[in-house]
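There are 2 protein chains.
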Amino acid sequence: MKPSIRKIISGIIPINEEYLDVFFSKFKVVSYKKGDYFVKEGQISRYLGFIVKGSLMCVYNKDGKEYIDEFSLDNEFISAYASFITGTPADKDIICLEDCELLILSYSNLQELYAMDPVFERTGRLIAEMLFINWQQRVKSLLLDDAETRYLKLAENRPDLIQRVPQYLVAQYLRVSPETLSRIRKNTSLQ
Amino acid sequence: MKPSIRKIISGIIPINEEYLDVFFSKFKVVSYKKGDYFVKEGQISRYLGFIVKGSLMCVYNKDGKEYIDEFSLDNEFISAYASFITGTPADKDIICLEDCELLILSYSNLQELYAMDPVFERTGRLIAEMLFINWQQRVKSLLLDDAETRYLKLAENRPDLIQRVPQYLVAQYLRVSPETLSRIRKNTSLQ
Chain R
1 MKPSIRKIIS GIIPINEEYL DVFFSKFKVV SYKKGDYFVK EGQISRYLGF IVKGSLMCVY
61 NKDGKEYIDE FSLDNEFISA YASFITGTPA DKDIICLEDC ELLILSYSNL QELYAMDPVF
121 ERTGRLIAEM LFINWQQRVK SLLLDDAETR YLKLAENRPD LIQRVPQYLV AQYLRVSPET
181 LSRIRKNTSL Q
Chain X
1 MKPSIRKIIS GIIPINEEYL DVFFSKFKVV SYKKGDYFVK EGQISRYLGF IVKGSLMCVY
61 NKDGKEYIDE FSLDNEFISA YASFITGTPA DKDIICLEDC ELLILSYSNL QELYAMDPVF
121 ERTGRLIAEM LFINWQQRVK SLLLDDAETR YLKLAENRPD LIQRVPQYLV AQYLRVSPET
181 LSRIRKNTSL Q
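From first to last, the protein sequence lines stand for chains R and X. Mind the numbering: the first sequence is residues 1 to 191 in our numbering, read in order. Mind the numbering: the second sequence is residues 1 to 191 in our numbering, read in order.
Keep in mind the hints are simulated off the structure, nothing from the lab. What you were told as hints is all true, and nothing was included just to trick you.
Same chains, same names: a pair is fine if it fits in one copy or spans any two.
Below, a list of computed lysine-lysine pairs in the DSS-like style, where the Cα atoms sit at most 30 Å apart:
| no. | residue 1 | residue 2 |
| --- | --- | --- |
| 1 | K140 | K53 |
| 2 | K140 | K33 |
| 3 | K153 | K7 |
| 4 | K65 | K186 |
| 5 | K140 | K153 |
| 6 | K26 | K40 |
Input sequences plus hints: build the corresponding full structure.
Here it is as structure tokens:
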């Protein structure tokens with residue numbers, strides 16, 4: 001594994017080198033092509049993913065319409081978490097927007113880690129807490145922010161995303177037309 | 001502690017009686033009056049709460065307007081979690097809608113539990129996972145559901161809430177006028 005990835009992971013998860021070796025020994029590397037599904041709605045999501053390289057989007061489908069839940073890029077975890085944890089069918093698709101390289105961990109391997117040493121329970125707790133806090137912030141943003149504010153936050157917090165994800169998908173995510181997104185970008189001089 | 005509460009808690013957290021005793025020995029019981037603040041925006045939230053009795057609402061404030069994030073009732077956990085975990089100022093108010101009895105746990109007592117036995121790390125992980133999944137579902141509902149659907153889900157999943165929370169606050173939560181909520185209630189025959 002690239003040293004950079006170890007560094008990033010150990011920044012997220014405060015565990016030492018030895019535990020990190022054990023942690024990653026349970027993952028396997030998988031490559032996906034642009035357009036591949038990491039998770040398919042209606043199927044049980046068997047893996048937790050960590051994105052080594054690439055970008056993916058989580059999409060809900062309702063009445064023939066797509067609703068983009070989230071984009072995920074390099075060095076982020078990705079999963080249909082409820083499905084993965086509870087073993088129930090996923091309620092969304094997770095699709096590769098670019099060719100991707102993921103580290104994936106099966107549910108049973110994760111349980112083995114938990115049983116092996118309390119440090120992994122702690123790791124799991126810290127990741128779940130981080131995800132919970134992120135999602136609380138998403139609810140807050142959906143409640144409080146207009147499209148322009150949401151765009152500015154995206155540009156500030158995740159500039160890579162703005163560059164790498166097609167603009168019509170960013171517009172769909174912000175729930176505005178591509179024309180409105182163009183206007184916002186012009187207004188905010190971030191074009 | 002009432003046996004019913006032990007039963008409910010042990011349903012949420014799969015730990016045995018002995019551990020449950022230790023778990024609750026770290027909590028203290030506090031009473032609040034209707035209108036009291038459990039958390040005040042701008043202050044650090046020092047406690048994780050469990051609602052023995054009563055109802056509370058989490059509210060964001062922006063430009064003189066209130067945005068209701070969530071209602072919480074008996075047998076639910078309550079906190080400004082990001083503030084509690086990170087020790088940063090809370091970005092919302094948590095206000096008692098009725099006289100409340102809460103079990104509260106300080107951050108340092110929680111860390112003591114984590115250090116004491118891995119079962120508490122597991123407990124923390126399971127709670128954080130449950131909260132994360134709940135909040136993912138909230139994002140999904142905000143993206144996909146119209147006010148009528150959100151009302152129907154609320155009435156189905158949390159009928160107590162519809163009965164106990166003032167209707168103008170339910171309307172505010174659903175982001176509709178009180179008149180629209182009245183119409184929805186009439187249409188859905190749940191009045």
